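Participant: Assemble chain B onto chain A, guided by the hints.
Residue numbers (the working numbering), protein chains in the order written: chain A, 1 to 116; chain B, 1 to 113.
Don't read these hints as lab results, they were simulated from the structure. Honestly, I wouldn't trust all of these hints.
To be verified - Here are some chain B residues the structure puts well away from chain A; computed CB gaps all over 12 Å:
id, residue
1, SER8
2, ALA17
3, PHE61
4, GLN64
5, ASN66
6, ALA68
7, TYR71
8, SER73
9, LEU75
10, GLN80
11, PRO81
12, ALA90
To be verified - In silico SDA-like links for lysine to any residue, alpha-carbon gap of 25 Å or less:
id, chain 1, residue 1, chain 2, residue 2
13, B, LYS105, A, LYS69
14, B, LYS2, A, PRO61
15, B, LYS105, A, GLU62
16, B, LYS2, A, GLY40
17, A, LYS71, A, GLY40
18, B, LYS56, B, SER8
19, B, LYS67, B, PRO113
20, B, LYS56, A, ASN95
21, B, LYS2, A, GLU79
22, B, LYS105, A, LYS17
23, B, LYS42, A, SER24
24, B, LYS105, A, ASP38
25, B, LYS56, A, GLU103
26, B, LYS105, A, ASP59
27, B, LYS42, A, ASN26
28, B, LYS105, A, ARG44
29, B, LYS67, A, PRO8
30, B, LYS56, B, LYS67
31, B, LYS42, A, GLN85
32, B, LYS67, B, ARG92
33, A, LYS17, A, GLU79
34, B, LYS105, A, TYR10
35, B, LYS42, A, LEU11
36, A, LYS17, A, LEU116
37, B, LYS42, A, THR20
38, B, LYS105, A, ARG112
39, B, LYS42, A, PRO8
40, A, LYS17, A, MET50
Predicted, not measured: the structure shown is a model, and the values here were computed from it. We put the beta carbon where it would ideally sit given N, CA and C, even for glycine.
Next come the chains, spelled out residue by residue.
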Amino acid sequence: EAQVTQNPRYLITVTGKKLTVTCSQNMNHEYMSWYRQDPGLGLRQIYYSMNVEVTDKGDVPEGYKVSRKEKRNFPLILESPSPNQTSLYFCASRNRGAGVGGETQYFGPGTRLLVL
Amino acid sequence: QKEVEQNSGPLSVPEGAIASLNCTYSDRGSQSFFWYRQYSGKSPELIMFIYSNGDKEDGRFTAQLNKASQYVSLLIRDSQPSDSATYLCAVRYSGGGADGLTFGKGTHLIIQP
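One chain only, chain A, in its complex shape (with noise of 0.2 Å):
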């Protein structure tokens, strides 16, 4: 089955306690991306990579960190958390090039964390 998979689904943690969110698709896709999102501030893009080894920030790249060395695995590091990170989290990713196949984003099942 095609999907991108998150882990921990849900993570309650302390401020400054270093934490890694994994994400993971099968679907060999090219492009990956973070967004979090928060009430009434919708979907924001943290970070995406287009390819292995190339990453670049999103529209809110502060206090995390992401890195991309194999294709199917992106992680999110949040070196030092803090309260005003806690949100709900998504992987997403899709295929290079348009078409109904690369416009086709694929989220993952999310990841509520709670920084305390």
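Facilitator: Then chain B, alone, in the frame of chain A:
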């Protein structure tokens, strides 16, 4: 600042009626336009995308694009209670990043049985 605007709702529509969802965008260089459906606590799911001015139909859904007015809409015919969800409009801007997708904040649609 590239913006996508939607009325947050809630938009309440009787079952069987047509639900009309609207979206405006700020950048005339925008290339592609998307409608996603998101159930509470779930991930967004692509319903339709449209590139060209005019209408695009898929089953009960019709997307409409008017680039001159910078306006995108989604019509849902024969609305069902299962259509109750938040609908996100997204725009892909030219020169954007891997996605270059900017999302609106969504319209909460309620279909009344």
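Participant: All hints are to be evaluated individually against the structure, with a verdict given for each.
Facilitator: For each hint, the structure was consulted:
1. For SER8 (chain B), the non-interface assignment is contradicted: its Cβ lies about 8 Å from the closest Cβ of chain A, within the 12 Å cut-off.
2. Every beta carbon of chain A lies more than 12 Å from that of ALA17 (chain B), the smallest distance being close to 27 Å; the non-interface claim holds.
3. With a least beta-carbon separation of about 15 Å from chain A, PHE61 (chain B) lies farther than 12 Å from that chain, consistent with its non-interface assignment.
4. Against chain A, the non-interface label of GLN64 (chain B) holds: every CB pair exceeds 12 Å, the least being about 18 Å.
5. With a least beta-carbon separation of about 20 Å from chain A, ASN66 (chain B) lies farther than 12 Å from that chain, consistent with its non-interface assignment.
6. Non-interface status of ALA68 (chain B) relative to chain A is upheld: no Cβ of that chain comes within 12 Å, the nearest being about 22 Å off.
7. Every C-beta of chain A lies more than 12 Å from that of TYR71 (chain B), the closest at about 19 Å, which supports listing it as non-interface.
8. No Cβ of chain A approaches the Cβ of SER73 (chain B) within 12 Å, the least distance being about 18 Å, so the stated non-interface status holds.
9. Under the 12 Å C-beta cut-off, the non-interface status given to LEU75 (chain B) relative to chain A holds; the minimum distance is some 20 Å.
10. With a closest Cβ-Cβ approach of about 23 Å to chain A, GLN80 (chain B) is found to remain outside the 12 Å limit, as its non-interface label requires.
11. At roughly 23 Å, the least C-beta separation between PRO81 (chain B) and chain A is larger than 12 Å, which holds for a residue marked as non-interface.
12. Some Cβ of chain A comes within 12 Å of the Cβ of ALA90 (chain B); the nearest lies about 8 Å off, and the non-interface call is violated.
13. Distance hint between LYS105 (chain B) and LYS69 (chain A) is unfulfilled; the C-alpha atoms sit about 32 Å from each other, more than 25 Å.
14. Restraint check for LYS2 (chain B) and PRO61 (chain A): the C-alpha separation of about 17 Å stays at or below 25 Å, so the hint holds.
15. Distance hint between LYS105 (chain B) and GLU62 (chain A) is fulfilled; the C-alpha atoms sit about 21 Å from each other, no more than 25 Å.
16. Distance check on the hinted pair: LYS2 (chain B) and GLY40 (chain A) sit about 17 Å apart at the alpha-carbon level, within 25 Å; holds.
17. With a C-alpha separation of about 33 Å, the suggested pair LYS71 (chain A) and GLY40 (chain A) falls outside the 25 Å cut-off, and the hint is violated.
18. Distance hint between LYS56 (chain B) and SER8 (chain B) is fulfilled; the C-alpha atoms sit about 24 Å from each other, no more than 25 Å.
19. Distance check on the hinted pair: LYS67 (chain B) and PRO113 (chain B) sit about 35 Å apart at the alpha-carbon level, beyond 25 Å; violated.
20. Taken as a hint, the LYS56 (chain B) and ASN95 (chain A) pair is honoured in the structure, with Cα atoms around 22 Å apart against an allowance of 25 Å.
21. Distance hint between LYS2 (chain B) and GLU79 (chain A) is unfulfilled; the C-alpha atoms sit about 29 Å from each other, more than 25 Å.
22. Among the hinted pairs, LYS105 (chain B) with LYS17 (chain A) is inconsistent with the structure: their alpha-carbon atoms are about 30 Å apart, more than 25 Å.
23. Straight-line distance between C-alpha atoms of LYS42 (chain B) and SER24 (chain A) comes to about 18 Å, which keeps the hinted pair within the 25 Å bound.
24. Using a Cα cut-off of 25 Å, the hinted pair LYS105 (chain B) and ASP38 (chain A) holds, with the two alpha carbons roughly 9 Å apart.
25. Distance restraint check for LYS56 (chain B) and GLU103 (chain A): the Cα-Cα separation of roughly 15 Å lies within the 25 Å cut-off, and the hinted pair is therefore satisfied.
26. Restraint check: the Cα-Cα separation between LYS105 (chain B) and ASP59 (chain A) comes to about 15 Å, which is no more than 25 Å; the hinted pair holds.
27. This hinted pair checks out: LYS42 (chain B) and ASN26 (chain A) have alpha carbons roughly 20 Å apart, not beyond 25 Å.
28. Note on LYS105 (chain B) and ARG44 (chain A): the hinted pairing holds, with a Cα-Cα distance of about 10 Å set against a maximum of 25 Å.
29. Restraint check: the Cα-Cα separation between LYS67 (chain B) and PRO8 (chain A) comes to about 41 Å, which exceeds 25 Å; the hinted pair is violated.
30. At most 25 Å may separate the alpha-carbon atoms for a hinted pair to count; LYS56 (chain B) and LYS67 (chain B) meet this at roughly 14 Å.
31. For the suggested pair LYS42 (chain B) and GLN85 (chain A), the alpha carbons sit about 19 Å apart, so the restraint of at most 25 Å is met.
32. Distance hint between LYS67 (chain B) and ARG92 (chain B) is fulfilled; the C-alpha atoms sit about 13 Å from each other, no more than 25 Å.
33. A threshold of 25 Å between alpha carbons decides the hint, and for LYS17 (chain A) with GLU79 (chain A) the separation of about 7 Å falls inside it, so the pair holds.
34. Restraint check for LYS105 (chain B) and TYR10 (chain A): the C-alpha separation of about 23 Å stays at or below 25 Å, so the hint holds.
35. Restraint check for LYS42 (chain B) and LEU11 (chain A): the C-alpha separation of about 16 Å stays at or below 25 Å, so the hint holds.
36. With a C-alpha separation of about 10 Å, the suggested pair LYS17 (chain A) and LEU116 (chain A) falls inside the 25 Å cut-off, and the hint holds.
37. Of the supplied pair hints, the one linking LYS42 (chain B) and THR20 (chain A) holds, its CA atoms being roughly 21 Å apart against a limit of 25 Å.
38. For the suggested pair LYS105 (chain B) and ARG112 (chain A), the alpha carbons sit about 18 Å apart, so the restraint of at most 25 Å is met.
39. Between LYS42 (chain B) and PRO8 (chain A), the direct Cα distance comes to roughly 15 Å. Compliance with the 25 Å bound is thereby established for this hinted pair.
40. For the hint linking LYS17 (chain A) to MET50 (chain A), the alpha-carbon distance of about 29 Å lies beyond 25 Å, and the restraint is violated.
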